[in-house]
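Chemist: Take a look at the letters that make up each chain.
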Amino acid sequence: MKIVVCVKQVPEVTNVQVDPVTGTLKREGVKSILNPFCEYALDHAVRIAQALGNTEIIAITMGPPQARDVLLRSMELGADRSILVTDRKFAGADTWATAFTLASAIRFAIPDFDLVIVGKQAIDGDTAQVGPEIAEILGLPQITYGIEVVVTSSGRHIRVKREVERGYEVIQAAFPVLVTVSKGEVVRRAPSFQDVLDARKKPVQIITAAELQIPEQELGLKGSFTQVVKVFPPMEKKSTRIVESPEAADAAHEIMAFLQERHFLP
Amino acid sequence: MLTIDHQLCAACKLCLNNCPFGALYFENDELKVNDLCTLCGACVNICRFHALHIERKQASQEELASYQGVYIWMELEGEGTSIKPKKVALELLGKGRLLADQLGQDLVAVVLAGQNQVDWQELGRYGADRVILCQHDLLETYSTDGYTQVMCAVITSKKPAVVLYGATPHGRDFAPRVAARLRLGLTADCTSLEIDEEKQLVQTRPAFGGNIMASIITPYNRPQTATVRPNVFPTPPLDETRRAVVESFPVTLNKAAIRTRVVETQFLDESSQTSIEDARVIVAGGRGCQKAANLEALRQLASRLGGVMAGTRPIVEQGWIPHTLQVGQSGTTVGPELYIAVGISGAIQHVVGMSSSKTIIAINKDPEAPIFKIADLGIVGDALEILPILNSLIGEQETRQ
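Residue numbers (the working numbering), protein chains in the order written: chain A, 1 to 266; chain B, 1001 to 1401.
In short, the hints are calculated from the structure, not lab data.
Quick reminder that beta carbons are idealized off the backbone N, C-alpha and C, glycines included.
A few of these clues could be false.
Claimed, not checked - BS3-like mimics (lysine-lysine), calculated; alpha carbons at most 27 Å apart, straight line: (1) B:1365 to B:1087; (2) B:1291 to A:222; (3) B:1291 to B:1365; (4) B:1373 to A:230; (5) B:1199 to A:222; (6) B:1084 to B:1255.
Stated by the list, open to error - Computed beta-carbon distance windows for the label pairs: (7) A:227 to B:1113: 42 to 50 Å; (8) A:216 to B:1061: 21 to 29 Å; (9) B:1237 to A:204: 54 to 62 Å; (10) B:1262 to A:31: 37 to 45 Å; (11) A:112 to B:1026: 30 to 38 Å; (12) A:107 to B:1026: 24 to 32 Å; (13) A:221 to B:1061: 40 to 48 Å.
Could you put together the complete structure from these sequences and hints?
Modeler: Pasting the structure below:
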C-alpha cells in the first residue's frame, strides 16, 4: 500500500504577535515547526503500515525551500521518502490554489497511491479546507476528523472513527480515499537517535511548477479565489473588576454578589 | 463547458441516472449533453472512467452581478418529524437577513432533508423570504458526497451571490468540496460578515490561533461562500407574521454517488443532555483544577446555575472529560450568557472559542493569567477552596426560598 501524508510547516503560533502599528505579523524569532496535526497524520500512517506491512509512506509538502525541514522531521517520524513542491510561483496561494497544486503533484509523482492522510487543520490558518479540496480534485471519497484509522480485514476498505458534536461515528469507504485526522489515541513519539540518522539518508524529491505543467494563472496568488484585504489585531476587551488574593470565603461572597447583580441568581 | 471523452466512456449510464437536471442522453450509442446542463459536476464525480470533464472560466463583471440572493444552508438536528434547524443555522438567517437587505436581494434557506413532513414556511419567522427544499431518502443521513452533489445542483441552477454554512463538523466537511467542485472561493470560520461599497462580501476570520484577524474578499467568481462560527451572531428575533415561500427542488441522487457508509454511531451521555454549544451557562475547568476528582465542584456549580460543565484541551487530553465538552480552537466555539473559567490560564486557542460569552468570570491563582484580560470579574485565588464555599452559599440560598 502507498500512503501519502500531506504536511505543512507552520510558525509556532503561541509566539505570534501583531505589530500594533503596522498590523502585520512579527515573525522575527518565531520558530517554524511541523504542524502538530500533521504529526498525528504521520502517526496514523505508521500504525497502518505496522499493521499491514509492505507499505510505503510518502510525505509531501508545498512551501518554500526551507520547508525541507518539516520533510526531514516527517521522515524521522516514519515517512520513507518525501516530496517538496516548491516554486516562487506558488507563493500567496489560498486553500484552493494550495489544494490544486498538491493534488497535481500527487497525481504527477505518486499516481498509484491508495490512501491520503492529512491533519484536520494547520494551526496557522485553521481552515480545515485543504484536505477536502484535495479529495474533490483527486475525485476521492473523504472522511474528516478521524481519530482512529484502520484497514478492514478484507484489505479493501478503510474504517475511520470520527468526532462529531454529540460523540463519535464510524465511517467506511473503499480505497483510494482521503482521511483527515486529529489526535485520537495517537501518542506522539519522539524520534530516536537512529530515526534521526536514518531520516538523513531518505530521499527528498523536488517538484517545481514547470514539471506540473499547470498554467501560471492557476498557481499561487493568481490562482486563488480569495484575497486578503486587511489584517488587524483582535479587539481588546472590556473593563475588568479584579479581586486580588482574598480569603476563599470573601471570594465566594464576591462571586455570589456578582451573580445576583447580573441576575444569574435570584 | 462539459466535455465528454468518448474513448474513455464505457456507456455505463451511471452519469445519466445521477444527473440532477436530466441534461445527459444517449444518441447513436454516444453520450451527449443538452442545454439543461448547469455544470454542477455530479456526472464528473460519479464517472468511474474519467470520461467527463468541466472547463470553468472566470466570470465577467456582468456575469458576477447576475448572481443574486443570500443562501443559507439549514443544518438540521433531531429525527423524524421533530427535526429542526440547528441554532447556528438560525443565527445565519439573522445575519443573512441583514446582508440580503443591504444587497436588496432575497434571503433563501436551503434545506437538505429526508421525506419528513415539516412546515418549512416557519423559517420565514427567522427572516427567510424563500425556502429551497431538497428532499430525498438519501439526504436523511448526512453524507459528504450526497450533500455536496445536491448543494452544487442548487448553486449552479439558482446562481446565488452568497452561500453561508455553519462551521460545524458537517459544514466544514462538505463546504470545501462544494467550493472545489464549482471552483469557488471559500473562507473558513468567519466571525464577521459585511457588505462593502462594491457590494462584495467582506469575510473576517481569526488566523494564527486568534492572534490576528484577516478580512477576505472573493473578487472573481460567484457565489462568495463562507463557513461561519456558531455563537458569534445572535439568534434573530421572531417575526410571527412572516412566512417563507417554499419551493420544492427536484433531487436526483444515486446510491452509487455516495461512497462512504456510516457503520456505527456512539453518542456520549454527558453531551446528550444540553450540548455546550447551546448552553446558557458554562462552568469550564482547566489544568489549574489539578485532578479529575476536583471537577465535581464545577459540575455542582454548573447544575446549580442551570448550566453545563466544559473544559480546555489539556484536561480533555488528560481524559478528565470527553472531547464533546472541549471549548476552543480545536473544540467547540461557545457564546453563553455566563462563562465561568476555573483554573484556566486563557491561552489564545481557548479564548477564541469562548470570548463571545456575554459575561465572563475567571478564577485563577496567577494574577498574570491572560484570562483576566477578558473577564468581567476576575478572582485571583484558589478555586478549589472557593468553589465549595460558593456551592454551599447558593445551596443555602435555595433552601431559604
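Chemist: All hints, please: hold or fail.
Modeler: Consistency of the hints with the structure:
1. Proposed proximity of residue 1365 of chain B and residue 1087 of chain B is contradicted: the alpha carbons are some 35 Å apart, above 27 Å.
2. Taking the CA atoms of residue 1291 of chain B and residue 222 of chain A, the gap is about 52 Å. The hint is violated against a cut of 27 Å.
3. With a C-alpha separation of about 16 Å, the suggested pairing of residue 1291 of chain B with residue 1365 of chain B holds against the 27 Å cut-off.
4. A threshold of 27 Å between alpha carbons decides the hint, and for residue 1373 of chain B with residue 230 of chain A the separation of about 25 Å falls inside it, so the pair holds.
5. Between the alpha carbons of residue 1199 of chain B and residue 222 of chain A the distance comes to roughly 22 Å, so the proposed pair stays at or under 27 Å and holds.
6. Of the supplied pair hints, the one linking residue 1084 of chain B and residue 1255 of chain B holds, its CA atoms being roughly 25 Å apart against a limit of 27 Å.
7. As the Cβ distance of residue 227 of chain A to residue 1113 of chain B is approximately 35 Å, the hint placing it in 42 to 50 Å is violated.
8. The supplied range of 21 to 29 Å is met by residue 216 of chain A and residue 1061 of chain B, whose beta-carbon atoms lie about 23 Å from each other.
9. In this structure, residue 1237 of chain B and residue 204 of chain A meet the distance hint of 54 to 62 Å, their C-beta atoms being roughly 58 Å apart.
10. Here the CB-CB span from residue 1262 of chain B to residue 31 of chain A is close to 41 Å, well matched to the stated 37 to 45 Å.
11. The given range of 30 to 38 Å is respected by residue 112 of chain A and residue 1026 of chain B, whose C-beta atoms sit roughly 33 Å from each other.
12. Separation of residue 107 of chain A from residue 1026 of chain B is about 30 Å and conforms to the stated range, judged on CB atoms against 24 to 32 Å.
13. In this structure the hint that residue 221 of chain A and residue 1061 of chain B lie 40 to 48 Å apart at CB is violated, the actual value being about 21 Å.
Checked against the numbered hints given earlier, the structure breaks hints 1, 2, 7, 13 and satisfies all the rest.
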